[in-house]
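S.K.: Assemble the complex: chain X is given as a structure, and chain D must be docked to it using the hints.
Protein chains in written order, with this note's numbering: chain X, 19 to 121; chain D, 21 to 513.
Source of the hints: derived by calculation from the structure; they are not laboratory data.
Please read these numbers as outputs of a predicted model, since none were measured by experiment.
There could be a bad hint or two in this list.
[To be verified] Rough simulated footprint, nothing fancy, chain X against chain D, three-plus residues with beta-carbon under 8 Å: (1) 120-129; (2) 165-173; (3) 469-480.
The beta-carbon is built from N, C-alpha and C at its ideal position, and this holds for glycine as well.
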Amino acid sequence: MRGAHRIRILGAAAAMPLITLMLAPHTVAQPAPMPLLTDTPQYCVELSDEVEEVRQSLVSPAPPEVEQLAEEGRRLCAMGEIRGGIVRLRRAMVLLHEISGQS
Amino acid sequence: MEGHAAELGPTGPPPRTEVSPPSARGPVHPRFLHSAALRFAAIYALVFGISALALALFLWWETAGVLDRETDQTITADVQSLIERWNQGGVPALILTIDNRLAENVDDNAIYLLVDPALERIAGNLASWPDSIPLDRTWSELPIERAGIRSLARVRRYTFPDGLHLLVGRDVQVRAELRNLLTTALLWALLVVVILGLAGAIIVRGLFRRALANVSTTAAAISAGDLSQRVRITGRGDEFDRLSETINEMLERISRLMDGVRQVSNAIAHDLRTPITRARTRLEDAALHAKSEADLQAAIERAIADLDGIVAVFQALLRIAEIEAGARRSAFAAFDVAPLLADLVDLYSAVAEERGISFLLESPEQLPFFGDRELIQQAIANLVDNALKFSPPGGMVRLSAENTGRTIVISVADRGPGIPADDRSRAMERFFRGEAARNTPGAGLGLALVQAIAQLHAGGLSLTDNIPGLKAVLRLPVTVEAVHRPPAAAASA
Numbered sequence: 019m020r021g022a023h024r025i026r027i028l029g030a031a032a033a034m035p036l037i038t039l040m041l042a043p044h045t046v047a048q049p050a051p052m053p054l055l056t057d058t059p060q061y062c063v064e065l066s067d068e069v070e071e072v073r074q075s076l077v078s079p080a081p082p083e084v085e086q087l088a089e090e091g092r093r094l095c096a097m098g099e100i101r102g103g104i105v106r107l108r109r110a111m112v113l114l115h116e117i118s119g120q121s
Numbered sequence: 021m022e023g024h025a026a027e028l029g030p031t032g033p034p035p036r037t038e039v040s041p042p043s044a045r046g047p048v049h050p051r052f053l054h055s056a057a058l059r060f061a062a063i064y065a066l067v068f069g070i071s072a073l074a075l076a077l078f079l080w081w082e083t084a085g086v087l088d089r090e091t092d093q094t095i096t097a098d099v100q101s102l103i104e105r106w107n108q109g110g111v112p113a114l115i116l117t118i119d120n121r122l123a124e125n126v127d128d129n130a131i132y133l134l135v136d137p138a139l140e141r142i143a144g145n146l147a148s149w150p151d152s153i154p155l156d157r158t159w160s161e162l163p164i165e166r167a168g169i170r171s172l173a174r175v176r177r178y179t180f181p182d183g184l185h186l187l188v189g190r191d192v193q194v195r196a197e198l199r200n201l202l203t204t205a206l207l208w209a210l211l212v213v214v215i216l217g218l219a220g221a222i223i224v225r226g227l228f229r230r231a232l233a234n235v236s237t238t239a240a241a242i243s244a245g246d247l248s249q250r251v252r253i254t255g256r257g258d259e260f261d262r263l264s265e266t267i268n269e270m271l272e273r274i275s276r277l278m279d280g281v282r283q284v285s286n287a288i289a290h291d292l293r294t295p296i297t298r299a300r301t302r303l304e305d306a307a308l309h310a311k312s313e314a315d316l317q318a319a320i321e322r323a324i325a326d327l328d329g330i331v332a333v334f335q336a337l338l339r340i341a342e343i344e345a346g347a348r349r350s351a352f353a354a355f356d357v358a359p360l361l362a363d364l365v366d367l368y369s370a371v372a373e374e375r376g377i378s379f380l381l382e383s384p385e386q387l388p389f390f391g392d393r394e395l396i397q398q399a400i401a402n403l404v405d406n407a408l409k410f411s412p413p414g415g416m417v418r419l420s421a422e423n424t425g426r427t428i429v430i431s432v433a434d435r436g437p438g439i440p441a442d443d444r445s446r447a448m449e450r451f452f453r454g455e456a457a458r459n460t461p462g463a464g465l466g467l468a469l470v471q472a473i474a475q476l477h478a479g480g481l482s483l484t485d486n487i488p489g490l491k492a493v494l495r496l497p498v499t500v501e502a503v504h505r506p507p508a509a510a511a512s513a
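Looking at chain X on its own, in the form it has when it is part of the complex:
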């Protein structure tokens, strides 16, 4: 019985660091985060202008899908949904580059 008691004590001692590690909050000091310039309304405007520039440089008219994505992007940026707007503008840019690459 004394042996079993010792095993229980040893087991508890072994498990304590593990439990502490799991329950401890992750409070390690970290440096201040760097803000990304591509998540800003300003970048949204810049990207929108680039999309427009590329679209106008095309020989043939851009497909309606590009127009739709660009328009949605601008609208979302105007509504403050910067990341959503930027993602749509980027999709429009990808399509435009594909079209310009084909032509």
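M.R.: What follows is chain D alone, placed relative to chain X:
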């Protein structure tokens, strides 16, 4: 003698042995480490823990590890591509490529920064060179903020030959969260493993102790003097059962040996007391009542004859012990038993004729055998001597031998009183004297000697009813040496 028997008996407490202090026996360990059961349990827990840890590491390598490696490969490929662009078109081409990649970054996870040697920003989506990333480190983890939300990026630094510094990275927040989730899950799993390992260790320890308790209890009972105790066999046929069977066989043998020692001790005490007492009485009587020197001389000679008989008994006992110990095996050689039988017949024919007993021999011409010639001769002589001794005048003793191929069977049959069936199994014990032998000379060691010789040659002695009389059969297995080394060759060698 009684005192001696008491020493051999199981009733006395075991002698205490001196135990040296721990310091003299080596390093001192905690007392619980001296428990084999605990050691087994610890080994089980250790093996279990290592296995679980290896499994966790494998899972980590195959999940979070794969994601990390994929990210690093993507970033490395991106850096290589930008280096090529710089090689082809210089800094303007590099800036244009970075801008294009940011403009087409549908996954919204790319991070680029190009700075001049003075760390002034040229292109990319970071405002400045992060203070947390030294210029001599290739890979770093970079905390970033995206629309006010904290995130984490994995970045790689590269410095161009013209002093420009490039930082390329990916947002790995989702992967980091997945990794944290996996880490937490694995830590909880390890906790479960620890608990299961300890529970298993306790169970293993209990099973081990329970298995050993059976043996330990029996050993303690035997140590306390109860030789009848045996280890309980569970019937599972496992290693512990086999151990128990071996221990029980050992105990049976020890018990038989102790019975034999006790029986021989008692027999020696009983059989030798009479001639010693007789010799003493004769000497005392002569000392007190002898009227002449001739009387004294006669008493001394009778006492010497008695003591010679005792010496002969001891010599016979020692010879049996020597044979049983196998010390004579070195004298084994190939020889022919047939001429040996003929010699014995010649030797005993005169005695048989004197007593009016017919002594017949039936034997093949050759009986090649490998063993101790002298002992075999003595064994057969003992059997013949017994047969002649107990045969009535006009009786018949038949000495026959045959080779069955694997065994030489030598039998000596007489027409004497024989041995009752109940006594036959004991007739080969030392000092056994049957009812018919009470009035004949001898110490009851002849058949014991024959049996010891037979066993030395891996054979046996059996006694059967000859109706009337006794038939003693000596079986001696023929070994390979007897077949491959004929007696003639052995003799010339």
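S.K.: At a Cβ distance under 8 Å, does chain X reach at least three residues of the region 165-173 of chain D?
M.R.: That given contact holds, which follows from 5 residues of the region 165-173 of chain D lying within Cβ reach (below 8 Å) of chain X.
S.K.: Are there three or more residues in the region 469-480 of chain D whose C-beta lies within less than 8 Å of some C-beta in chain X?
M.R.: It is violated, with 0 qualifying residues against the three required.
S.K.: Mind checking, does the region 120-129 of chain D have 3 or more residues with a CB under 8 Å from chain X?
M.R.: holds (count 7)
The structure fails to meet hint 3 from the earlier list, while all remaining hints are met.
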